[in-house]
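Here is how the chains run, residue by residue.
There are 2 protein chains.
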Amino acid sequence: MSPTELFRQLTSAPAHRRALGRAITLVESTRPEDLGPAAELIALAEQYSPPKPTFRLGVSGTPGVGKSTFIETFGQELVRRGHRLAVLAIDPTSSLSGGSILGDKTRMELLTRLPEVYIRPSPNAGELGGVGPASRAAVLLCEAAGYDYIIVETVGVGQAEWQVHGMTDAFLLLAQPASGDDLQGIKRGILELADHLVVNKSDSLPKQSRLAAAELRRGLHLAPPRPDGWTVEVATASALTGAGVGEVADRMALYRDQQGAYIRQRRSEQRVMWLHEQLRRELLRRLSGYLAAAGLDNDQLRARLDEHITIPATAAVILADFQQNSTQ
Amino acid sequence: MSPTELFRQLTSAPAHRRALGRAITLVESTRPEDLGPAAELIALAEQYSPPKPTFRLGVSGTPGVGKSTFIETFGQELVRRGHRLAVLAIDPTSSLSGGSILGDKTRMELLTRLPEVYIRPSPNAGELGGVGPASRAAVLLCEAAGYDYIIVETVGVGQAEWQVHGMTDAFLLLAQPASGDDLQGIKRGILELADHLVVNKSDSLPKQSRLAAAELRRGLHLAPPRPDGWTVEVATASALTGAGVGEVADRMALYRDQQGAYIRQRRSEQRVMWLHEQLRRELLRRLSGYLAAAGLDNDQLRARLDEHITIPATAAVILADFQQNSTQ
Numbered sequence: 001m002s003p004t005e006l007f008r009q010l011t012s013a014p015a016h017r018r019a020l021g022r023a024i025t026l027v028e029s030t031r032p033e034d035l036g037p038a039a040e041l042i043a044l045a046e047q048y049s050p051p052k053p054t055f056r057l058g059v060s061g062t063p064g065v066g067k068s069t070f071i072e073t074f075g076q077e078l079v080r081r082g083h084r085l086a087v088l089a090i091d092p093t094s095s096l097s098g099g100s101i102l103g104d105k106t107r108m109e110l111l112t113r114l115p116e117v118y119i120r121p122s123p124n125a126g127e128l129g130g131v132g133p134a135s136r137a138a139v140l141l142c143e144a145a146g147y148d149y150i151i152v153e154t155v156g157v158g159q160a161e162w163q164v165h166g167m168t169d170a171f172l173l174l175a176q177p178a179s180g181d182d183l184q185g186i187k188r189g190i191l192e193l194a195d196h197l198v199v200n201k202s203d204s205l206p207k208q209s210r211l212a213a214a215e216l217r218r219g220l221h222l223a224p225p226r227p228d229g230w231t232v233e234v235a236t237a238s239a240l241t242g243a244g245v246g247e248v249a250d251r252m253a254l255y256r257d258q259q260g261a262y263i264r265q266r267r268s269e270q271r272v273m274w275l276h277e278q279l280r281r282e283l284l285r286r287l288s289g290y291l292a293a294a295g296l297d298n299d300q301l302r303a304r305l306d307e308h309i310t311i312p313a314t315a316a317v318i319l320a321d322f323q324q325n326s327t328q
Numbered sequence: 001m002s003p004t005e006l007f008r009q010l011t012s013a014p015a016h017r018r019a020l021g022r023a024i025t026l027v028e029s030t031r032p033e034d035l036g037p038a039a040e041l042i043a044l045a046e047q048y049s050p051p052k053p054t055f056r057l058g059v060s061g062t063p064g065v066g067k068s069t070f071i072e073t074f075g076q077e078l079v080r081r082g083h084r085l086a087v088l089a090i091d092p093t094s095s096l097s098g099g100s101i102l103g104d105k106t107r108m109e110l111l112t113r114l115p116e117v118y119i120r121p122s123p124n125a126g127e128l129g130g131v132g133p134a135s136r137a138a139v140l141l142c143e144a145a146g147y148d149y150i151i152v153e154t155v156g157v158g159q160a161e162w163q164v165h166g167m168t169d170a171f172l173l174l175a176q177p178a179s180g181d182d183l184q185g186i187k188r189g190i191l192e193l194a195d196h197l198v199v200n201k202s203d204s205l206p207k208q209s210r211l212a213a214a215e216l217r218r219g220l221h222l223a224p225p226r227p228d229g230w231t232v233e234v235a236t237a238s239a240l241t242g243a244g245v246g247e248v249a250d251r252m253a254l255y256r257d258q259q260g261a262y263i264r265q266r267r268s269e270q271r272v273m274w275l276h277e278q279l280r281r282e283l284l285r286r287l288s289g290y291l292a293a294a295g296l297d298n299d300q301l302r303a304r305l306d307e308h309i310t311i312p313a314t315a316a317v318i319l320a321d322f323q324q325n326s327t328q
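Taken in order, these protein sequences are the chains called D and C. The opening position of the first sequence corresponds to residue 1 in UniProt numbering, with each subsequent residue numbered one higher. The opening position of the second sequence corresponds to residue 1 in UniProt numbering, with each subsequent residue numbered one higher.
Isolated chain D, as found in the complex (with noise of 0.2 Å):
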């Protein structure tokens, strides 16, 4: 199917849902030939404007904290609410280690069912960390196919949370009922990208998920003011009786009302970063295919090392030969 049909199926109302999985998938293909048509869909989808205006909000929070659970529970009351939603996780992990960290556990079950939700357990591991473009676009392609909000789940691990603050429009830190060293499993700088913080299993212990959102509180008091304005604050909630699960919904709500220019200024500055990140992805595989088009395989390479004797050396010589003959 041309990228030119699944695009115009999955912008279709009736099962865009099997379009939308197949245009996923896609994008995250590592596969050359994939390469070009996912490059038109990747066109396609920024070039359309969603007939709802959409939101984007990262979820993330240290492994164990209750992210699914939350979603869960979450996600349905934005289904109460009218929306269509779309969950999407990003695995951190997988290109590290080949495995999922996200996709072994059955996760969501009642989100699942519901019509209005479309769920993407993990994407595939990419090449060169590509989880993350492949997702900023897997996000454009759930708007395009009638999502109107978007969440994007990270486990906190480090550069994860960075990469999903880099596609939200809002970032929602989930922390453990925990305190003081426990609490340090929130890396520096982490807490400074959340717009919103919500301490988890406020049900089953209640004491420490009030000490730890005090404890956050003061955390914050020590980060720099945000230049729009917004006041971040520290929620508690229960994901698995649905206590405050409605009043962070409320909360993300008038976020989202009262911070438009902010959110329209945070999207542009996001589409440099990923051209950025375009632009060195792109030269990065265009070298890789001059190496291979130029037959300089690992031994081609040791006999240049041989000959030049240093690697910076060799490389000045290779890369000036790149750079008169690759073209494309």
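Calculated directly from the structure, the hints in this document are not laboratory data. Treat the numbers as computed from the prediction; the structure is a model and nothing was measured. Backbone N, C-alpha and C fix where the C-beta goes; we use that ideal spot for every residue, glycine too. Watch out, some of these pointers could steer you wrong.
[What the hints assert, rightly or not] Derived CB-CB ranges, DEER-like: (1) D:R302 / C:G189: 19 to 29 Å; (2) C:P206 / D:T241: 42 to 52 Å; (3) D:I309 / C:L114: 29 to 39 Å; (4) C:E5 / D:R217: 48 to 58 Å.
The hints should help you fit chain C onto chain D, whose structure is shown.
For chain C alone, coordinates are given in the frame of chain D:
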């Protein structure tokens, strides 16, 4: 001081410690004006043959396993055996958080005082994950400065182990005296990198460390057989009492004696790997230089995005110009 003079100082016997420190700082620097001198210095180090053959040992393990204490004890043993030892630390978190997880504590106090030992606690955070190439250069500089046993230490959090494996002759993995899920802290694939495994803290937790050793041995049986015929052993040791540490030194000496051909081949393959790394980094550096020279700051890039609509299309136009107009 010129790179040539700095290199002369660091390879001459007296006071080379200070010259070595300056040299490593230079290769770790990301300041544009340091890149040329750093490349010159690396070229000198790459062409230099140390008077004694050297041995490069990577040491890793999950946080809390006692790496510093182990290296403190193991290092003293190496000095007793006549080695001159350099210890380099790679901190994979520094480029993410701006902080350092290794530099916080006072570490290896006894080792620091020995004249035969050079310790470089933690590298500066480099752009683009620059810790890797700078650390590889630091290994070469330590060898040029007359250190014949180089330990490259890192915390086991994922990517850093691969970098360390890619710049050493042998990889020693320290494990906790734990079992089951706790041993899973050792990430998939990392176990197979190890040439030697040591369960630490055999003094305080003798039973658990024996159990952990047994479990790790079973894990190793599942790994594919090694092409070089080396048998990976699992030892127990106590960095605190020194029990078993001499045996680890024996084992590494045996590896070094028996696996000479494999180590030479490994170093040769590593050079090709670092050439790939250098090609990628140098190309991205040129791209940054081009964007700056062409006045393509974020505002200009945003204007280009408005003009060409999609990110891939904009990137293609910019890269075409880059490849035609970028020189060095």
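Here is what the structure says about each hint:
The hint said 19 to 29 Å for the Cβ distance between R302 of chain D and G189 of chain C, and at roughly 25 Å that hint holds. For the pair P206 of chain C and T241 of chain D, the supplied restraint of 42 to 52 Å holds, since their beta-carbon distance comes to about 45 Å. Between I309 of chain D and L114 of chain C the Cβ separation comes to about 34 Å, which falls inside the hinted range of 29 to 39 Å. The hinted range of 48 to 58 Å is satisfied by E5 of chain C and R217 of chain D, whose Cβ atoms lie roughly 55 Å apart.
Every hint from the earlier list agrees with this structure, and none is contradicted.
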